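Asker: Chains U and G supply the protein sequences, listed in that same order. Quick note on numbering: the first sequence equals residues -17 to 803 in my numbering. Quick note on numbering: the second sequence equals residues 69 to 419 in my numbering.
Derived from the structure by calculation, the hints contain no laboratory data. Please read these numbers as outputs of a predicted model, since none were measured by experiment. Among the hints, erroneous ones may be present.
Distance ranges between label pairs, derived from CB positions [what the hints assert, rightly or not]:
#	chain 1	residue 1	chain 2	residue 2	range
1	U	634	G	97	46 to 56 Å
2	U	526	G	83	33 to 43 Å
3	U	117	G	204	54 to 64 Å
4	U	756	G	97	47 to 57 Å
5	U	117	G	293	53 to 63 Å
6	U	231	G	204	22 to 32 Å
7	U	254	G	204	48 to 58 Å
8	G	76	U	756	35 to 45 Å
9	U	251	G	204	22 to 32 Å
10	U	442	G	136	36 to 46 Å
Backbone N, C-alpha and C define an ideal beta-carbon position, used for all residues, glycine too.
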Amino acid sequence: MAESGGGGGCCPPMDLMRSETMQLVQLIVPMESAHLTVSYLGDLGLVQFKDLNSEKSPFQRTYAAQIKRCGEMARKIRFFRDQMSKAGIPAKEMQGKENDIDLDDVEVKLGELEAELVEINANNDKLQRSYNELMEYKLVLQKAGEFFSSAHRSAADQQRETESQQAGEDLLESPLLQEEKSIDSTKQVKLGFLTGLVPREKSMVFERILFRATRGNIFIRQTVIEEPVIDPNSGEKAEKNVFVVFYSGERAKSKILKICEAFGANRYPFSEDLGRQAQMITEVSGRLSELKTTIDAGLGQRNILLQTIGDKFELWNLKVRKEKAIYHTLNMLSLDVTKKCLVAEGWSPVFASREIEDALQRAAVDSNSQVGSIFQVLRTKESPPTYFRTNKFTSAIQEIVDAYGVAKYQEANPGVFTIVTFPFLFAVMFGDWGHGICILLATMYLILKEKKLASQKLGDIMEMAFGGRYVILMMSLFSIYTGLIYNEFFSIPFPLFAPSAYDCRDVSCSEATTIGLIKVRDTYPFGLDPVWHGSRSELPFLNSLKMKMSILLGVSQMNLGIIMSYFNARFFKSSVNIWFQFIPQMIFLNSLFGYLSVLIIIKWCTGSQADLYHVMIYMFLSPMDELGENQLFPHQKTLQLVLLFLALVSVPCMLLPKPFILKKQHEARHQGQAYAPLDETDESLHVETNGGGSHGHEEFEFSEIFVHQLIHTIEFVLGAVSNTASYLRLWALSLAHSELSSVFYEKVLLLAWGYNNPLILIVGVLVFIFATVGVLLVMETLSAFLHALRLHWVEFQNKFYEGDGYKFAPFTFIFTANEDE
Amino acid sequence: MYGFEALTFNIHGGYLEAIVRGHRAGLLTTADYNNLCQCENLEDIKMHLSATKYGSYLQNEPSPLHTTTIVEKCTLKLVDDYKHMLCQATEPMSTFLEYIRYGHMIDNVVLIVTGTLHERDVQELIEKCHPLGMFDSIATLAVAQNMRELYRLVLVDTPLAPYFSECLTSEDLDDMNIEIMRNTLYKAYLEDFYKFCQKLGGATAEIMSDLLAFEADRRAVNITINSIGTELTREDRKKLYSNFGLLYPYGHEELAICEDIDQVRGVMEKYPPYQAIFSKMSYGESQMLDKAFYEEEVRRLCLAFEQQFHYAVFFAYMRLREQEIRNLMWISECVAQNQKSRIHDSVVYMF
Chain U
-17 MAESGGGGGC
-7 CPPMDLMRSE
3 TMQLVQLIVP
13 MESAHLTVSY
23 LGDLGLVQFK
33 DLNSEKSPFQ
43 RTYAAQIKRC
53 GEMARKIRFF
63 RDQMSKAGIP
73 AKEMQGKEND
83 IDLDDVEVKL
93 GELEAELVEI
103 NANNDKLQRS
113 YNELMEYKLV
123 LQKAGEFFSS
133 AHRSAADQQR
143 ETESQQAGED
153 LLESPLLQEE
163 KSIDSTKQVK
173 LGFLTGLVPR
183 EKSMVFERIL
193 FRATRGNIFI
203 RQTVIEEPVI
213 DPNSGEKAEK
223 NVFVVFYSGE
233 RAKSKILKIC
243 EAFGANRYPF
253 SEDLGRQAQM
263 ITEVSGRLSE
273 LKTTIDAGLG
283 QRNILLQTIG
293 DKFELWNLKV
303 RKEKAIYHTL
313 NMLSLDVTKK
323 CLVAEGWSPV
333 FASREIEDAL
343 QRAAVDSNSQ
353 VGSIFQVLRT
363 KESPPTYFRT
373 NKFTSAIQEI
383 VDAYGVAKYQ
393 EANPGVFTIV
403 TFPFLFAVMF
413 GDWGHGICIL
423 LATMYLILKE
433 KKLASQKLGD
443 IMEMAFGGRY
453 VILMMSLFSI
463 YTGLIYNEFF
473 SIPFPLFAPS
483 AYDCRDVSCS
493 EATTIGLIKV
503 RDTYPFGLDP
513 VWHGSRSELP
523 FLNSLKMKMS
533 ILLGVSQMNL
543 GIIMSYFNAR
553 FFKSSVNIWF
563 QFIPQMIFLN
573 SLFGYLSVLI
583 IIKWCTGSQA
593 DLYHVMIYMF
603 LSPMDELGEN
613 QLFPHQKTLQ
623 LVLLFLALVS
633 VPCMLLPKPF
643 ILKKQHEARH
653 QGQAYAPLDE
663 TDESLHVETN
673 GGGSHGHEEF
683 EFSEIFVHQL
693 IHTIEFVLGA
703 VSNTASYLRL
713 WALSLAHSEL
723 SSVFYEKVLL
733 LAWGYNNPLI
743 LIVGVLVFIF
753 ATVGVLLVME
763 TLSAFLHALR
773 LHWVEFQNKF
783 YEGDGYKFAP
793 FTFIFTANED
803 E
Chain G
69 MYGFEALTFN
79 IHGGYLEAIV
89 RGHRAGLLTT
99 ADYNNLCQCE
109 NLEDIKMHLS
119 ATKYGSYLQN
129 EPSPLHTTTI
139 VEKCTLKLVD
149 DYKHMLCQAT
159 EPMSTFLEYI
169 RYGHMIDNVV
179 LIVTGTLHER
189 DVQELIEKCH
199 PLGMFDSIAT
209 LAVAQNMREL
219 YRLVLVDTPL
229 APYFSECLTS
239 EDLDDMNIEI
249 MRNTLYKAYL
259 EDFYKFCQKL
269 GGATAEIMSD
279 LLAFEADRRA
289 VNITINSIGT
299 ELTREDRKKL
309 YSNFGLLYPY
319 GHEELAICED
329 IDQVRGVMEK
339 YPPYQAIFSK
349 MSYGESQMLD
359 KAFYEEEVRR
369 LCLAFEQQFH
379 YAVFFAYMRL
389 REQEIRNLMW
399 ISECVAQNQK
409 SRIHDSVVYM
419 F
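Chain U on its own, in the form it takes in the complex (with noise of 0.2 Å):
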C-alpha cells in the first residue's frame, strides 16, 4: 500500500468514507531538470503518470538507450547476485544513500567489476577443468588397475588349472578355448584397449552401441564409480562408469573413437604395466595437489572481489532499479514542440499540490535549471482513479473490499463499516472466548514482530496471516466478546459473572438431566446462563435465539446499506434515487423484515407465545383473517394491511417512474445542446453536465434503462427475501461452530479422561489439540471468514455499491525497491 505516512498533514473527517479528491495536472518539465523532477515524485509518489507516448513502440521512445542502459547493468547486477549466491557471499545492508552515486560512475565500475569477475572465472574454469580431469584420470587408474590385476590374478588361476588339468590328463570338460590359447600364445593378435569414463545413465546404450558397430568383437568391462565425479566439461557432478573396451584392429579402433566422442565419454591413456601405473598415480596425484593450491588462491581472489561487490551490492541494485523507473515514466512524457521542455500529464490528489509544487521547485534549484517547471491543473470529464488514504490498521479492510471491486471515484466506501462489522459478523460464527484468546495470542505475535517479519520474505500463507494482522485481531477481540455472551470456552461452561440464576428443586435431579430447575437468583447479568449448557433443552432455545439475533442483525446490516445509497445520491446530487429508489426501498424492507424485527423484539420482551412463521406466513396468504393466539399487539391486523399496502405500493415506485423521469431529463439537456453555440468547446460542456450525474452526451436507449431499472427492482424485491435468509448462516455456523467444539471436548478429552490411563490421557489430549487447531482454529476460522466475506460483498454492498472504479496507482519507489524479480 502506498502511504502517504503522517505527513499528509491534517487529514478532513471520515476522509475513508469518500476517496480523496483528485486533479488532472499538467507538469511542463524543462529537458535540464525533468530527470531530477521525475525522481523527487517519485520520493513522494502521489502522482499517476498518463502514457501521453502510448502509440509509439518501446524503443521509440525519448529515453529508449537510456533504458537499455540500465538493462544492462540490471543484466550485470543479475550476474553478479547469481555468482555471490553461488559462493555464499551475502550482500550487506545498505549503507548511505543512492542519491550521492552517479549512474555513469556505476555503469562504468559494473563494467570494470564484471569483467575482472568473467576473467576470474574463467581462469578458475580452466584451473578447475583440469584439476577434474586429472581427478577423473586417477579414478580411470585405480579402477582400471583394479580391474587389470584382478584379470592377470585370474588368468594366473586359470592358467595353473589348465596346467593342472592338463596335467590330470585330458577330462573331457576342458575347454577348448584355452587350450588353443595357451597353445598359441605367441602368435595371438595383440589386442588394443581403450580405458576412460562414461555418463552412467549413457553406459547401456555406449555399450550395445559399441557391440553393433564392431559386431561383437569387443570385450568390455564396466565400473562404478560410488561418488559422483565433476563432469570436466560441464562442470557438473555426474554419476559415471570408468571402462576398458578391448578390440582388435584399427578399423574398430576408429569406430570406437568415434562413438566415445558422440557418448561424451573421455578417455584417457593407460599402460599396462603396473609400475607405470604406480608412477602415474603418484604423479597425477602431485599435480592434483598443486592444482589444488591454486584453485584454492584463485577462489581467494575471487571471494574478495565478491565481497567487495557485496558492499555497494544493494545500493546499486536500488540505484539501477529506480533510474530504469524513472526512465519509464519519462518515456511517458510528451516531448515539446521546442524539443526544451518534456509535457507530463497525470492524476494527483488535490491535497498534495503544495507537495506537487514544492518538489518541482526544489527540482529546478537543484538542477540549476533556468526556467522552474509550470504546474497547472487541468479539466477533464474522465473520471479520475479511486485513493484512499489507509494506514496499517485499515489497509487490509480495504483490500477486502477492493478484491469484490474498486470504489467509483467518491462513492461511498463500505469500507468505514467494515471495519467494525466485518470482524463483528465473523465472530458471531465463531463465538468461543477460548479459541478468540488462542487467535488473539496468534496474531499478537504477528503484531509485536511486525517490525521484524515485515522485512522478511514469508511463505504464501504466512503472508496472507501477517498482511491481514489487524482484521485477524479484531476478529479476534470480537470473538472473545461473542464468546463470552454465548458462554463458551472450548465448549466447558463458566459462572464467570455471577452463579447461575437456577439451582435444582431438590437433590434428586442430577447434572445430566436438569429437569425441574427453579430460579433462585436474579436474571444471570450477562450472556447465556452456564446452566443451560448440556441441558436438553439447550439447542431448541439457543436455535431459536441465534435465529432471531440473525434476522436482526441482517435486517440492521441491509437498512444500513439502503442508507448508504442515500448519502450516495445525496453526495452526487441525484434527487431520483432518493425518491425513486432509496425510499420505496426502504419502505419495501422495513414493511416486511423490519416487521419481523419488531416483532421479534416485542416477543422477547413479553416472553409472548405467539408463532412468528404463522404470523409472517399469513400476512401474505390471508391477510384478512383473524390472528388468535398469535396476536401480539392491539390493532395489529390493521397495522399489517396497511405494512401490506405500503410494501406492494413500493414495488412500482421502484419500478416505473426513474427510467421515464430520466428520459425527460435526457430530452430536456439534448434541447438545450441543440440551441447552444456551435463553438462550444467540450471543457464547457463537461463543466455543465458534471452535475448532472453520469449520463454525460452518450446515446439515451430508453429501453435499455427500462430494463435495467426492471431488473434492478426484481433482484432488489427477490432480494430482500432471499438476502434476509442469507443472514441465517450466522446461525447455521455458530451452530456447527459450537457443536464440533462440543464434540471435541466429550468425545475425546473427557472420554480420554474417563480411562484413568496416563497413556489414553496424553492421547486423547493430543487428539484434542489437534483437532481443535486443526479443525476448529484454522478450518473454522476460514468458514467463517469466506461467509463474513460473502455477507458483506453480496448482501451489504449490493444495495449501494457499484464498485467500477479503478485504483490510483502512483508512481512511486517503494514498489521498485520491494520488488523481487
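Starting from the known structure of chain U, fit chain G onto it as the hints suggest.
Answerer: Just chain G now, with coordinates in the frame of chain U:
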C-alpha cells in the same frame, strides 16, 4: 465416436488444450512484427521481445547480440513449452506430440549424415541440430558408412526405425541418395502420421488429414521442382510422393512427368485450393513459391484453432511457433545486415 469428443475430451486433454490456447495468445501479432520491423539493431529487437514470452529467455544475454543467440533462445523457449506439454500428456496425446518431433529427427539425421560426409566436426553439427529432433546416440550417426549400417547401428533404437524399411541399401552414402533417403523417410513419416490420426478419429482426424494432405502436396511439388534436371527417373520421383493428399493419385501421375516449372503450374492449377497460390506468381517464377506455401499453411494452421476438442491445435501451434522463429530469424538477419528493405519479403504474418 465422431462428434462426441466434447463428452470425454476434457478428462485428459482439457488442461493441455487450455495451455496450448493460452500459449497461442502469446504468438506475436502483426502489430508486434510491425514494431520489430522498425528496429534499428538487435538490441532493439531484444528490447521489444522482452515484453513478450521470450523476455525471460533473452534478458540475461550480454550485450553484443547475435542472430543465432536470439534464434537459439527462442527455440529453447519452444522446446521448453513442448516438453512441458509432453510431460502432462497422456496416451494417445503423448504419441501425437511425439509424432510432431519426428520430422525434426529426420532433418537432424540427414544433417549429421551429410555433415560427416563433408567431414565436418560432429560436435559442431550437433549444435546445429534442431533440439526437438534430438535423441540419444544421435552423434553416433557419424560412424555409419552406408544406409544399412546407419539403420543397424543407431536408428533401430529410434522411432524412425520403421520408416527405414524402404530405403535400406548397402550403397555408400552420397548427397543424392541422402536426399532421396530424406524424402523417403518423410514420405513414410507423413503416411504413418496420417494413419495414426485417422485411427484417432473425430475432429483430430478431420483437421489433421487436411493439414497433412497440404504438407504432403507441398512436398510433392517441392520434390518435383527440385528434381527437374537431375538424373532422378520419373518412376523414382513418383515413389517419393506420399500416398495421400489432394494430388493423390492423378496429380502425382502428372507431376511425375513435369519437365519445367510451368508444367508444374499447369498441373497445380487444376486443383482449386492451389490455384490461388499459383495465380499470385508470374510465369517462370519459383522464388516466391515457398512464401506462398508458408502463408497458405499458416492460414490453415490458424483455422485449426477454430474448432475445439481435438489434437490438431498442438500440431498447429508447434508449426506456428516454428514459423514465428523463422520470422524472427529473418527479421534479425535483415536488421543485422542492414537490409531492412527486404524484411517484408519473407515474414509470414499470423493473426
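Asker: A separate judgement is required for each hint: does it hold in the structure or not?
Answerer: Hint check results:
1. U:634 with G:97: 46 to 56 Å: Cβ of residue 634 (chain U) to Cβ of residue 97 (chain G): about 52 Å, so the range 46 to 56 Å holds.
2. U:526 with G:83: 33 to 43 Å: Given about 49 Å between the Cβ atoms, the range is violated.
3. U:117 with G:204: 54 to 64 Å: Since the Cβ atoms of residue 117 (chain U) and residue 204 (chain G) sit about 26 Å apart, the hinted range of 54 to 64 Å is violated.
4. U:756 with G:97: 47 to 57 Å: Holds, since residue 756 (chain U) and residue 97 (chain G) (Cβ atoms, about 50 Å apart) stay within the stated range.
5. U:117 with G:293: 53 to 63 Å: holds, 56 Å
6. U:231 with G:204: 22 to 32 Å: holds, 27 Å
7. U:254 with G:204: 48 to 58 Å: violated, 32 Å
8. G:76 with U:756: 35 to 45 Å: holds, 38 Å
9. U:251 with G:204: 22 to 32 Å: Given range 22 to 32 Å: holds, Cβ gap about 27 Å.
10. U:442 with G:136: 36 to 46 Å: holds, 40 Å
Of the numbered hints stated above, those contradicted by the structure are hints 2, 3, 7, listed in ascending order.
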